[in-house]
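Asker: The lines below spell out each chain.
2 protein chains.
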Amino acid sequence: MEQKIYLNQSDIPRQWYNLAADLPNPVPMPLGPDGKPVSPDALASVFPMNLIEQEMSTERWIDIPEGILDILYRWRPAPLRRAVNLEKHLETPAKIYYKDESVSPPGSHKPNTSVAQAWYNKQFGINKLTTETGAGQWGCALAFACKMLDMECKVYMVRISFDQKPFRKIMMKVWGADCFPSPSENTTVGKKLLEEQPDTPGSLGMAISEAIETAVGDKTGKTRYSLGSVLNHVMLHQTIIGLEAKKQLASVGIKKPDIVIGCAGGGSNFAGLAFPFMADIINGEQIEIYPTEPTACPTLTRGPYAYDFGDVAGTTPLLAMHTLGHAFVPPPIHAGGLRYHGMAPMVSQAIKDGLAKPKSLHQLECYRAALTWAQTEGFICAPETSHAIACAINEAKKAKEEGKEKVILFNYSGHGLMDLTGYDAYLSGKLTDYELPQEDLDKFTSVLNDLPKP
Amino acid sequence: MEQKIYLNQSDIPRQWYNLAADLPNPVPMPLGPDGKPVSPDALASVFPMNLIEQEMSTERWIDIPEGILDILYRWRPAPLRRAVNLEKHLETPAKIYYKDESVSPPGSHKPNTSVAQAWYNKQFGINKLTTETGAGQWGCALAFACKMLDMECKVYMVRISFDQKPFRKIMMKVWGADCFPSPSENTTVGKKLLEEQPDTPGSLGMAISEAIETAVGDKTGKTRYSLGSVLNHVMLHQTIIGLEAKKQLASVGIKKPDIVIGCAGGGSNFAGLAFPFMADIINGEQIEIYPTEPTACPTLTRGPYAYDFGDVAGTTPLLAMHTLGHAFVPPPIHAGGLRYHGMAPMVSQAIKDGLAKPKSLHQLECYRAALTWAQTEGFICAPETSHAIACAINEAKKAKEEGKEKVILFNYSGHGLMDLTGYDAYLSGKLTDYELPQEDLDKFTSVLNDLPKP
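If you read the protein sequences in the order shown, they are chains A and B.
Going left to right, the first sequence walks through residues 0 to 453 as numbering that gives the first Met the number 0 numbers them.
Going left to right, the second sequence walks through residues 0 to 453 as numbering that gives the first Met the number 0 numbers them.
Isolated chain A, as found in the complex:
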């Protein structure tokens, strides 16, 4: 049984799919501090105009420039694989396919957009990008992309991660990026924070502020800021995942999957796989689509749909999305990429429109699934990815009960080789489950009452 389904380079998708063209209801516009829709010009010091236009586009198909494909060819088309060993272990009649995004140089789906963003910036005359990073996944992806395009890259990494997780920091250095612990002495906001709290462990909110200040503050106008998830153009760039998967399934005679699964933090790997299949649902196909998230950070399953800030400090435009409130502090679960308070507006809108049904999963169940995966398929997955695997296992068991030969497709968003301490904690019995108490949810979402409603 063929376990790896490849696509020739010449068969790579040459256009991204923009769900905005087909959503039953449009995504509400982002709002500025004045409560009015943000104008493209207001974003021009942060992002290049070509990406701002893409952010607002409702064209269904957008050409992927050759210059971007040339870089993606290092690992794309990515393999579609069939998890025959897991199927055997579960004794399920279901066929479990997964799109392997772990094969990129940084080890996740992130470079699908970092490469595209760096390329559009370069086209616009920008030669330096800044960003923030938590555990370092996104920082690595942007460092990689900038090096491939011979651009400079400055990454502000949350100080506690900078100190405790040295490996992704070294990867960024290998790809020539400057990586600073945030808060840093590089920026006015960083200096102020260090003065007030010299021992602060830092936070993503602080790092975002420093990255944006560095971009906007470059008086030559040659620096911009880059974001790894949430925004519409990020979702767009990731759709190459689902478009490839469709071609690969077709090549083995599968017209459509019955179930599509992706873990969802900011939403980009989920959207990348799922959006092209949502187009099929809109056209009348029967496909179940499940974004999966931790019970510890239940943005989609328990967070209200509201206007909220993208960052903790409340400096970004207001986005219409599922959110736990921008001041939400998630418990220390190991799936760092799934600890975001909000969710991409396009993903949120798609759920509101009934195109996908979110599910939440407990941490221990996910690590159990990750271990089953490693001990059957052999590969070690990222803790985020385990949320998709656990859901796929549940659906495969259901298919067994129902005696149905369902086709399950999930996104293998990244490998876990840089996240082994989480496995160690699990194997040593040190991990627990977290369920967000209702009173905490109420407290964190109460700030939404003072903001405009979508």
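Intra- or inter-copy, both count: the list cannot distinguish identical chains.
Distance condition first, Cα-Cα at most 30 Å in a straight line; then the derived DSBU-like pairs of lysine-lysine: (1) K172 - K429; (2) K172 - K396; (3) K221 - K87; (4) K121 - K218; (5) K87 - K127; (6) K429 - K164; (7) K87 - K172; (8) K356 - K87; (9) K221 - K190; (10) K246 - K356; (11) K218 - K127; (12) K127 - K429; (13) K87 - K121; (14) K254 - K396.
These are calculated hints, taken from the structure and not from any lab test.
Fit chain B to the known structure of chain A by using the hints.
Answerer: Okay, now just chain B, sitting in the frame of chain A:
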């Protein structure tokens, strides 16, 4: 330009190639403590008889059992890739191809033999394997293989690596193996060592002794020992690499490479790629084959060809090979897999017969090559692998000078994601080059005078 050349699962080689059938001169027999050739029975408590037979076989082609292929399909056939971005960077007319062995679950070529060895042991009725490991590469590969075959695995890991390099230890645990710091309290030899030197950092020699004692000491007879390099059957199992590469080159119209390169520690990844091409040389083809090694551990380029022990303690049979003397202590270079004092007898014999020309490379040149690789091709290679890349770069530059469109093929033996501290040390300017002083070489090899000559 297609950068990834895949092979369908149905086109995987179904036989290993045994160079012993074609070597102009046979490999001298291993000798026991009495100076006489070791009999198969003398090894029966350490290895299963089916592998002992394979070790001594001179059959040219040996069938790969379906049960082994079923496990290899998780990542094999492995991709052959073309390094078009490095070619562009070097402005070379050479075509640089590499066989990507980093895609296996443990991240190196090692599971090609760990899976085969575990399978043959299981066929023989064995249910537990023991081994030693330094940095953990081989321990991971055997842990993975045993889990795939539902066997137990006990790994003795050199204590200082156990303490300083926790990540591969966690990988072994994920695959269900027991990993102990060596010396341990598990064995008589371990207890004795701990009594004499309670603070010893351990050594591979000590770990080998413990692993063998554990295997031999199991009175049920259900435990054996497994070795990750050096032996003939290990070389055999790795030839699937070169056999796949040949098919892949043929699929893009390349009849033969001009140059074949592999880094050589114990010799197995080099042999795996190179042996099938040596068969072509023996049949009259013109191919240059280069095993590459560190100047700090110049086994092939400066070590005499002699009978020597495989381990520091002098407990193994005597093997005819290039060696720096079994008491050789290499300087602390980061390419841990290339710090072995000896070299596989089959590789040593092939070099003696003129089938390959070894080259030695300095550590800094190799890290420079690894960085060029990461910044052009995008991927981060293992420090061992950088010794093949550096040589490939040198040959590509030579091809440019000569204006020749040569085909260069090398073995990408593993990724460097678990070896990032070496990159950090290099980027921080903390690494140096080592050249083994002649008086040290003379001292270490003087022990060979008291041993039989091949």
